[in-house]
Every structure is written in structure tokens, then in C-alpha cells.
Amino acid sequence: MLKISNLSAKIENKSILQDFKLEINPGEVHAIMGPNGSGKSTLSNILSGKKGYDVKGEVLFENIDLFSLETEERAHKGIFLAFQYPLEIPGVNTNVFLKTSLNAIKKARGEKELDAIQFLKLVKEKAKELKFDEEKLGRQLNVGFSGGEKKKNEILQMSILNPKLSILDETDSGLDIDALKTVADGVNALRKKNNSFLIITHYQRLLEYIKPDFVHVLMNGKIIKSGGPELALELEKKGYENIN
Amino acid sequence: MRDKQIEDLKDYKYGFSTDIESFKAPKGLNEEVIKFISNIKKEPKWLLDWRLKAFERLKVLKEPDWQKPKYPKIDYQDLYYYSAPKSFKDKPKSLDELDPKLLETYQKLGIPLNEQKRLNGIAVDAVFDSVSVATTFKETLTKQGIIFCSISEAVQKHPELVKKYLGTVIPLTDHFFATLNSAVFTDGSFVYIPPGVRCPMELSTYFRINASDTGQFERTLIIADKGSYVSYLEGCTAPMRDENQLHAANVELIALDDAEIKYSTVQNWYPGDKDGKGGIYNFVTKRGLCKGKNSKISWTQVETGSAITWKYPSCILKGDNSIGEFYSIAITNNHQKADTGTKMIHLGKNTKSKIISKGISAGFSDMTYRGLVDISPKATNSNNFTQCDSLLMGNKCGAHTVPYIKNKNSDSNIAHEATTSKISEEQLHYCQQRGLNPEEAVGLIVNGFCKEVLQQLPMEFAVEAQKLVGISLEGSVG
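Residue numbers (this note's numbering), protein chains in the order written: chain A, 1 to 244; chain B, 1001 to 1478.
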């Protein structure tokens, strides 16, 4: 589904990712763990299409050159990023944002857009599953939301958009244990044969609830070690410095 | 062929012109032209005298020059002050007699004049260059005693009302453009709502400038008698032309005891091309008088068009407990300029005013909010709340806020809040990651920014205005 080869990225001449390789097949859950400044967020930024990076190498998503696609086209193809810091958009109702987003994607795919009633039914159902306070759906997007609410809102958007590849950028940071479980439930509910996940995190904690198929350790812009879920435990015990 | 051209005019879809023979007054501004206008409209002598008095006054008035947007000197002798479709010399009695080309024009603009295709229960008065071409739903309104017609017709049929109120809010001597309008005004709408009547539908006037080298000087007069209510909306478009065209309208509103007038404007005059060539000079005087106690006047404006917009819809709060409101969205893109805001003059006791202004500037444009809040010594226990927000896109545009605040008594309150912000790269990236293209993303963010004002518009127009907000900013990102 996603194939990254020899990816290197610079920002203002500072090298962040070097010779980065990763392959994710349909249905797989990959976790990338790494210390601060290892390049984790750069990876999610580049995959989602954020501008400002000097990028070399190749990224294929379902055999299409990802760099030939605009940010929104990547979203239309089924790439979703749960932001580390979800943005506030004053004056825009959360429901309206979600519906606009879902219908923009449906329209790009040539599918039928949802009307207001169909949409509300869907959003209510998903909000209930994720224990997301329905009252917040009527509020301005992320304005006045707590850190945990913002992250849950990302997961709610993910479950409504039902993407093929979901990238979670440190979604677990700053969450209490209940919110963490909700996020994990959201991911696990979407985990199907064809849906893949790339989970970026500092800590092993989230991986207790979402069992990854693969764990990669990212240091200084490179994957230095890959393994199964046991690698996360080993990391927790030894720390990043001693993993090699 | 023409339809194809219209398709191509994506930037300004109302930019087509109608090929229709017009009948004009001789070029220039002089007594003869004023007499010509008055004569063709078969006006009574008092009105001609009134016009001539304005013209006398105009001779000593100077064009104001304190505004921020500067413009090349206008040669007032090089303009036509009256232009009407030729078929209008004898005004058609019904829509069936109307030139099909005119009907077609309004159809293209999305304003069906045919009552069978009723526009969501909105009565429309259509003004083409200098004349009103049709007013719909007259009968329905007449049953309730509501008068909704062109001002020319009102002069003929209801002279006592026109004489009583014309020029009482914007006097002959007011200022250059207002006085110019008084001398040469051609047509516009007239509304009278009798005591205790709640107007059952939105009243709307649609202004269209078609002829070239022609100024449009319309005059609108709305009177809400005791305990009545009316919601009125005006829309405007013009063809794309290389030269600048002047639009200097006067709008007077009068609300008597316990009456309420809600006046909404969606102004989409041709803004000029991307390099700032052409476009309308929109120099308009709009003023409402809350004459009676407990009366209310509310202005809502969405200003997206015109090369230069220069206007301050105002409220004179004369009646005790009267309320004035001003909700504004002004958008400038490319080389457009706007100097707009409001004046709230508190004269009566316990008067309240509220100002919500949202300015958005993009491209090389420049936007000024200018507003006056004046609470007189006798207007005790009054208050004003002002919120002025500016949103900048890119780094070549400007936004300025110039509030004038005068509080002349000690138990009144004035609050002024102002913010300036920018659409961040991060916000755009977030929206794009959710599948919106950059223009949709900007549209969404800007509509969120304007929400408080958009909510004030009648439903059907809020949807239109939302789209217009998006279209006006096209090409401003990337």
C-alpha cells in the first residue's frame, strides 16, 4: 500500500530524514518510535503533503507517486493524518467541518455526497461509539476543546472518513488513560483487512491497547531497528540510547 | 456565443452586458439635464425645484478627500445622468410588454421577474441603469396596504408620502455625493409599511448598471410606520468595463414608534480586473432615522465588489429606547479598496447600538474600517458595543481600523474590541488534509470568520453570500 524508498528530507538545509525506508501492506499496523527530534513529525508532515521541505527519494501509495499529488488529493486517495496539534478554526462548526470534509472526499471519488440527515445519523453513531460528547459537535472546531477532546475529535474524523492509511502523529501524548483507551478503540474498530495504520509515538503505552504488527525505531532520521511488538517492550526497558 | 462568453467569465460571472438600445439624456451635468430628467419622469414642480436647489448647493460643495482610497478626478461633465432602455419611453404596463432582452438579462442574473417562478416569496423591484423595470408581487402587498414600487411611481401616486419624508434623513445640503444624488437621482425603490403591519415577505431591489459612461444615482426611501416591520434586501451587479463607473446612491430609512427596519445589502458590483483596471466607484450614502421610541434599524452589508467602496450606513437614534445595528463583511482582493463602517448617533435616552465589522483583505488590496459612535449629552443610559475584526491574506494587503468615539454623558457605556489575524499555513494544511482544496479551505475559514454577520442575512441570501465570499477570494492563495 505504502512504499517509501530512500527518502531524505531537509528543511532550511538541515537534514532531518536520511535514506528512510518503510513498506506497509494492506491491513498492517506499524508503529514508529523515536526520541524527540528523530524526524517522526517530519515523516507525517511529508506524507500528508505539508510544504516547506526539500525532499528526495520515492514514496508510492498504491503505486502512485505520492509527491505528484496535492495534499487534498492524497486525502481523496485515502490518506488521513491525525494531527499532533489539531488546529482551531473559529466560527466553523465541528459538524459542518466534518460534513464538508467527508463530502469533498466523496465528490472527488465520484461517490454520492451525504445530505444533512444522512450525515447527522452517521456522525451521531460514530460519536456514540467513541464516547465523544455530542454537544461538542455543535461547537466551533477545536475552539475551547481540551487537549484530550481535540485528539478524540481527530479519531472521530478518522472513523467517519474511513481512510485506507491512517497516520497517527503522537495522538497519545497528553492523554489520560480513559482517553487513551477511546483512541485505541477507535483504531481497533477501523482495523480491517484493507486498512493500514502508521502510529508515531514516544511511548510504548498506546501499544498495549493497539497491538502493532511491526515496530520500528527511528533515530537521527533513520530506522535503526525493526521488529515485532516485543521491540516496543525492549525499548521501554532499555531506553533509546541502548537499543543497538 | 454570448453564453459561451459568460461561461468564460469565471472571475466575475455578471460581467456580460446586454445589447439593448438605450435612450440617454445629453452628456453633462447642468440645469438642462436636471430639467430633462424631471420632465421625462413627469415630476411635479416641487420636486424639480428641490432638485435645482440641490444643484445650486452642489456648486459650492467640494468633493470630500479625507478617505483613504484615492481615485483619479472624475469629470462630471463627461457622464450620462440618465439612461433607459429605448422601449421604456412609454413604460410597459406589464411584464408581457417588457423587452424580452431585459427579462433575459435578469434571468441570467438569477432574478426571475416572472411571478410564476416566484423567488422564495421575495418581492423584487428591478432597476436597470436609470429606471425601474418591474416590481413583482404588487397585488399581494397592496392587500395589506404596503406600498412597494419604484420611487418614480411613488412620486406620481403617493406624492404626500414622498414629499413628507424625502430628504429628511439625508438633507439636500449633506455632502457632495449625497447632494449630487439629490439633483440627478433617477430611480430606486420606495417602501411604505402601514401602522401595525408586518411585511409578509422580503422586499428586494436588484440594481444593474448596463450602459457605459453612465452613473447610477438611485434613491431609496423606506418608511416603517408605527409598530410595523420590514426586511429589505438589495443586490447589485454591473458589466465588466475598462473604465470606472460611478454609483452614488442615497438610501433613507425612517422607523416610527415601535417599528423595525432590517436592511441587507449584497454588493457585487464589478470590482475591476486583476490589475485594478475598471470597476465601479461605489460612493453611497445610507442613513436610517430611528425617529420613534422603541424603534430599531439594522444594517447588514456584504461588500465584495467595486473598485472602491466608500460608505457608512448609519443610524440616528432619536427616539428613546431605540436600537441601531450594523453588521458588515467587507472583502477586498487584487487592487480593490474599501473605506467603510458606520455612524451611530445616540440622541434619545436608553439608546443602544451594536457594530460587528469583519474585514478581509487579500492580494494588493486595502481595507479601512472607519466608524463613529457619538453619544450626546441627553442620551443618558445609552450603550454601544463595537467589534472590529480584520483578516489578512498574504503580505501585500492592508487593514486599518479608525474608530471615532465620543461619549458626552457619564452614565453611558462604550465598548470597542478589535482583532487582526491571518489565515495560517497550518490551518490551510489541516483543511487540505481533510480533502478540501485551497480555495475551499479559505472559503470555509473565511465564512467561519464572518459567521456572526452571515447569520443576520435572510436565509436564501445567506447561502448566496457564503458562496460569494468564497468566489471573491479565488486566486488569493497559493
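No lab work stands behind these hints, which were simulated from the structure alone.
Check the hints yourself; a few may be wrong.
To be verified - In silico lysine-lysine, DSS-like type, Cα no more than 30 angstroms apart, as pairs:
(1) B/K1467 to A/K77
(2) A/K21 to A/K136
(3) B/K1396 to B/K1378
(4) A/K121 to B/K1467
(5) B/K1396 to A/K51
(6) A/K10 to B/K1408
(7) A/K136 to B/K1378
(8) A/K150 to A/K77
(9) A/K107 to B/K1408
(10) A/K136 to B/K1451
(11) A/K124 to B/K1408
(12) A/K50 to B/K1164
(13) A/K51 to B/K1467
(14) B/K1318 to B/K1396
Against the structure, the hints come out as follows:
1. B/K1467 to A/K77: holds, 27 angstroms
2. A/K21 to A/K136: Violated - the C-alpha atoms of A/K136 and A/K21 are around 40 angstroms apart, more than 30 angstroms.
3. B/K1396 to B/K1378: The given pair, whose Cα atoms are some 45 angstroms apart, is violated under the 30 angstroms limit.
4. A/K121 to B/K1467: Status holds; Cα separation ~26 angstroms.
5. B/K1396 to A/K51: Holds, because 21 angstroms separates the two Cα atoms, which is no more than 30 angstroms.
6. A/K10 to B/K1408: violated, 61 angstroms
7. A/K136 to B/K1378: At roughly 46 angstroms apart (the allowed maximum being 30 angstroms), B/K1378 and A/K136 break the hint.
8. A/K150 to A/K77: Holds, at roughly 24 angstroms.
9. A/K107 to B/K1408: At roughly 58 angstroms apart (the allowed maximum being 30 angstroms), B/K1408 and A/K107 break the hint.
10. A/K136 to B/K1451: Between A/K136 and B/K1451 the Cα gap is close to 18 angstroms, so the pair holds against 30 angstroms.
11. A/K124 to B/K1408: violated, 54 angstroms
12. A/K50 to B/K1164: Distance ~64 angstroms between A/K50 and B/K1164 Cα, so the pair is violated.
13. A/K51 to B/K1467: holds, 28 angstroms
14. B/K1318 to B/K1396: Cα-Cα ~42 angstroms, so violated.
Of the numbered hints stated above, those contradicted by the structure are hints 2, 3, 6, 7, 9, 11, 12, 14, listed in ascending order.
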